[in-house]
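Residue numbers (my numbering), protein chains in the order written: chain A, 1 to 296; chain B, 297 to 592.
These aren't lab readings, by the way, just hints derived from the structure by calculation. Among the hints, a few may not be true.
Computed from the model, here is a short list of chain B residues facing chain A with C-beta under 7 Å [said to hold, decoys possible]:
| id | residue |
| --- | --- |
| 1 | P321 |
| 2 | P326 |
| 3 | A386 |
| 4 | M387 |
| 5 | P430 |
| 6 | Y433 |
| 7 | C436 |
| 8 | A440 |
| 9 | I457 |
Straight-line distance between alpha carbons at most 16 Å, and here's what the computed EDC-like set of lysine to aspartate or glutamate pairs gives [unchecked claim]:
| id | chain 1 | residue 1 | chain 2 | residue 2 |
| --- | --- | --- | --- | --- |
| 10 | A | K148 | B | D426 |
| 11 | B | K444 | A | D130 |
| 12 | B | K444 | A | D26 |
Remember, it's a predicted structure, so these values are computed and weren't measured experimentally. C-beta: ideal position from N, C-alpha, C; glycine also.
Number of protein chains: 2
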Amino acid sequence: MGTELSLALKDAADKVEEALDDLLPDANGPEAQVLEAMRYAAMGGGKRLRPFLTLQSGRLFGVDDETMVRVAAAVECVHVYSLVHDDLPAMDDDDLRRGKPTVHKKYDEATAILTGDALLTLAFEILSDDETHPDPYVRCKLVARLAKAIGARGMVAGQMIDLATENQSPDIGTVTRLQRLKTGELIAFACETGAIVGRASKEARHALEGYAHDLGLAFQMTDDLLDVEGDAEEAGKAVGKDAGRGKATFVDIMGAERARAQAELLSGQAARHLDLFDEKADLLRALTEFITNRQS
Amino acid sequence: MGTELSLALKDAADKVEEALDDLLPDANGPEAQVLEAMRYAAMGGGKRLRPFLTLQSGRLFGVDDETMVRVAAAVECVHVYSLVHDDLPAMDDDDLRRGKPTVHKKYDEATAILTGDALLTLAFEILSDDETHPDPYVRCKLVARLAKAIGARGMVAGQMIDLATENQSPDIGTVTRLQRLKTGELIAFACETGAIVGRASKEARHALEGYAHDLGLAFQMTDDLLDVEGDAEEAGKAVGKDAGRGKATFVDIMGAERARAQAELLSGQAARHLDLFDEKADLLRALTEFITNRQS
Chain A
1 MGTELSLALK DAADKVEEAL DDLLPDANGP EAQVLEAMRY AAMGGGKRLR PFLTLQSGRL
61 FGVDDETMVR VAAAVECVHV YSLVHDDLPA MDDDDLRRGK PTVHKKYDEA TAILTGDALL
121 TLAFEILSDD ETHPDPYVRC KLVARLAKAI GARGMVAGQM IDLATENQSP DIGTVTRLQR
181 LKTGELIAFA CETGAIVGRA SKEARHALEG YAHDLGLAFQ MTDDLLDVEG DAEEAGKAVG
241 KDAGRGKATF VDIMGAERAR AQAELLSGQA ARHLDLFDEK ADLLRALTEF ITNRQS
Chain B
297 MGTELSLALK DAADKVEEAL DDLLPDANGP EAQVLEAMRY AAMGGGKRLR PFLTLQSGRL
357 FGVDDETMVR VAAAVECVHV YSLVHDDLPA MDDDDLRRGK PTVHKKYDEA TAILTGDALL
417 TLAFEILSDD ETHPDPYVRC KLVARLAKAI GARGMVAGQM IDLATENQSP DIGTVTRLQR
477 LKTGELIAFA CETGAIVGRA SKEARHALEG YAHDLGLAFQ MTDDLLDVEG DAEEAGKAVG
537 KDAGRGKATF VDIMGAERAR AQAELLSGQA ARHLDLFDEK ADLLRALTEF ITNRQS
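The shape of chain A in the complex, shown without the other chains (with noise of 0.2 Å):
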């Protein structure tokens, strides 16, 4: 499973890149920095892990690939706005993303600031699109959904917190919502997205939502035990900063140890939550695993 998942993994990377590739405007006219600064930040680069999650939900319902891999780049257009706008100075203040400078780096402030609004309003542009999906009333349930995850309730709710907690100490409660809104609302929206296009019953929506609910958990975890122990150049990004920024980490709170049983736990838990699904679910519940052994 290893290999295949290795592949699929491999595969839905480049199909959304070939999708990004085609949706992303050209870098034309007076106006090109901002388009070229969004190619920089969303081509060639990250695990495409919520790529690959929206091409798999869309396998469990039957839905073809041609539909999903829009769907994905629109994700991903989201993924990357929130990391280009969580890099700037005024939040996290990194220098490095993806193996890259990152954006405000590479080009300036005002410009990573424009790149994350475009990718933003990009995302709702390809979802609003007739070539996703001919039925309006479907496309309206992805943009209605993927508004919800990612708002004031959602994602940005998730960076308040994350910023507001700074140098503080909160309790393991606050730190696992901050995290299921930071990271858990768009990745469970990734895993709903074939349940919405398919129409699948609310049985199958809610154990999609389990499941990327416990993988974000793991996914968090993990990432912060890389953050600890991590080596900055296979992470492509700075490591050790969480801590030395004041983030409470899920590592500071639990410690090490109890944070890789932790992770160890919710991957096993995720994985159960696809049982009512046969093995077409197979590579989501091989991701699981890869998810908590993954060195970046």
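Fit chain B to the known structure of chain A by using the hints.
What follows is chain B alone, placed relative to chain A:
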């Protein structure tokens, strides 16, 4: 007509204020700061010109205010997001907006970035919500058209050109395109919303596009004139700053006298685009004069 227009502007402002109060999340939880900042930025301020255009546009096609006021709130969320990000130190670095400290002055830069992000997202959440309109086709059209108007080839492109031409001497063509994108595209969307919801003819839509185009430019030229001649207290924001930061304005390029003449010409032209509409368009006609005669 002057009084009638004033009353209609006040009515639109009141209605959108009430809608925003209803649609903006309440400020509670550990993420309260960004929710409070969203309200701080969006409530109780501005001329609410775009909400007025949205409501009037709906009335042209017999669409009820209840629908249009939600659309107007979405349009205003986008407008406010653009102001909050535009005011940031890395962008125009403004301390004063609508007579109050800007969001990054009142709170901090990180909160201002997130506030803009959340308001932008909220606009799409409102438009895709079935409470806005029962037909998903209409909701999707609104989302798609808005995303196009304010994205990398729309409002964001205008912002980028605005920054890229600082301390340069762009020609009148560049400045016209800059302003059409930066402020004109959202004004055009506001004017077209009634046609989208009311499923108007192409002819009617084109007429509104023409109206919006000329009105937007007349509005911007008057803004530039007020920036040179205006009074900070009356404008509720810093004036005389465009020249100070090396921004090319219509007044720089054309001179005050020609800019004023051109604004009046465009305002008359804007009104004539409405010839195919009956007296339902009288307030939109009256607005064209109001725009060029305003003192703030």
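Evaluated hints:
1. With a cut of 7 Å, the hint placing P321(B) at the interface with chain A holds, because the nearest CB-to-CB distance is about 5 Å.
2. The beta carbon of P326(B) is positioned within 7 Å of a beta carbon in chain A (closest approach about 5 Å), and the interface hint is therefore held.
3. Satisfaction of the interface hint for A386(B) is found here, the shortest Cβ-Cβ separation to chain A being roughly 4 Å, below the 7 Å cut-off.
4. About 5 Å separates the beta-carbon of M387(B) from the nearest beta-carbon of chain A, less than 7 Å, and the hint is met.
5. Hint on P430(B) is violated. Least Cβ distance to chain A is approximately 11 Å, over the 7 Å limit.
6. This hint holds: Y433(B) has a C-beta 4 Å from the nearest C-beta of chain A, less than the 7 Å allowed.
7. Taking 7 Å as the C-beta contact cut-off toward chain A, the hint placing C436(B) at the interface holds, the least distance being around 4 Å.
8. Restraint check, A440(B) versus chain A: the minimum CB separation of about 4 Å is within 7 Å; hint holds.
9. Restraint check, I457(B) versus chain A: the minimum CB separation of about 5 Å is within 7 Å; hint holds.
10. Under the criterion of a C-alpha separation no larger than 16 Å, the hint pairing K148(A) with D426(B) is consistent with the structure, at around 14 Å.
11. Under the criterion of a C-alpha separation no larger than 16 Å, the hint pairing K444(B) with D130(A) is consistent with the structure, at around 14 Å.
12. Between K444(B) and D26(A) the alpha-carbon distance is near 15 Å, which keeps this suggested pair within the 16 Å criterion.
The structure fails to meet hint 5 from the earlier list, while all remaining hints are met.
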